[in-house]
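Colleague: Sequence:
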Amino acid sequence: MPTALDLAFVTVLAVAWPLYETFIDWPEFQWRSRRNPSAARLFEYRRSMAQQWVLAAVALAIWAHAGRPWTALGLVSPPGWRLWMGFGVVAAFAALQAWQVTAIARSPATRAHLRKRMAEMKLASLLPHDRRELGWMMALSLTAGFVEELLFRGYIVAVLAPWLGWWGAAALGMAAFGVLHAYQGRAGIVRTAILGAVMTLLVAATGWLLPAILLHAVIDVGSGTAAFLALSQPPAEASTA
621 MPTALDLAFV
631 TVLAVAWPLY
641 ETFIDWPEFQ
651 WRSRRNPSAA
661 RLFEYRRSMA
671 QQWVLAAVAL
681 AIWAHAGRPW
691 TALGLVSPPG
701 WRLWMGFGVV
711 AAFAALQAWQ
721 VTAIARSPAT
731 RAHLRKRMAE
741 MKLASLLPHD
751 RRELGWMMAL
761 SLTAGFVEEL
771 LFRGYIVAVL
781 APWLGWWGAA
791 ALGMAAFGVL
801 HAYQGRAGIV
811 RTAILGAVMT
821 LLVAATGWLL
831 PAILLHAVID
841 VGSGTAAFLA
851 LSQPPAEAST
861 A
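The numbering used here puts the first residue of the sequence shown at 621, with every later residue one more than the last.
Fair warning: there could be bad hints in the mix.
To be verified - Ranges of calculated distance between the beta carbons of each label pair, as one might list FRET restraints: (1) Leu680 - Phe643: 22 to 32 Å; (2) Leu627 - Thr722: 39 to 49 Å; (3) Ala711 - Ala686: 31 to 41 Å; (4) Ala628 - Pro657: 34 to 44 Å.
What the hints assert, rightly or not - Below, simulated DMTMM-like cross-link-like pairs (lysine to aspartate or glutamate); rule was C-alpha separation at most 20 Å, straight line: (5) Lys736 - Glu641; (6) Lys742 - Asp626; (7) Lys742 - Glu641; (8) Lys736 - Asp750.
If you're looking for bench data, these hints aren't it; they were derived computationally from the structure. Source: prediction; values computed, not measured. Idealized CB from N, CA, C, for every residue including glycine.
Turn these sequences into a full structure, and let the hints guide you.
Modeller: Below you can see the structure in the form of structure tokens.
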């Protein structure tokens, strides 16, 4: 059953963290971005990585202190077909992402359309514009893949399942995951919640977090690479735009 420490940490993940990201960190990033956009992006990538690894360490420490089995957290691979199904889903998504990134790289018109979409979503200021930023964005993508799945599809679900049932706890994890991205606006919440639902179904089908971790990282890496291709436009495209 959840302990008081578990409930306090779940409150941090589902309430305090989203509030901080939306009302403190996002306005601060925008202020930094007006002064020095590249420095603001690099600072944000590094800050987010450090914050997420601290939260992951706290979650694992609480879990270990309670003496719970790691299988209940979804960190032990399943036997048989579930393992291969998980890897198959990730491989299919990776192939789709690779095809999309290749299409963007080959088409100036597609890059111009993508730039317009990102400007409408007000996310261009946060996305990588050069190779150095892309490298840090990749590191953040791998971090988010592990940490956010551990927290929202692992810890929250495992801790609250005795009270809410597995699907009830998973629904709360999906909601918290979506609200964490509220700084992206309503569309960002919906888009993130849908991705969270896909990863939740993958965890439910396999009983394992690793496929969801890999899928999350693949999606973030693909999105970051696509943004880089669109925003790091060559001089000819920039003059046309």
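Colleague: If a hint holds in the structure, say so; if it doesn't, say that too.
Modeller: Against the structure, the hints:
no., hint, in the structure
1, Leu680 - Phe643: 22 to 32 Å, "28 Å, holds"
2, Leu627 - Thr722: 39 to 49 Å, "46 Å, holds"
3, Ala711 - Ala686: 31 to 41 Å, "35 Å, holds"
4, Ala628 - Pro657: 34 to 44 Å, "37 Å, holds"
5, Lys736 - Glu641, "25 Å, violated"
6, Lys742 - Asp626, "35 Å, violated"
7, Lys742 - Glu641, "16 Å, holds"
8, Lys736 - Asp750, "18 Å, holds"
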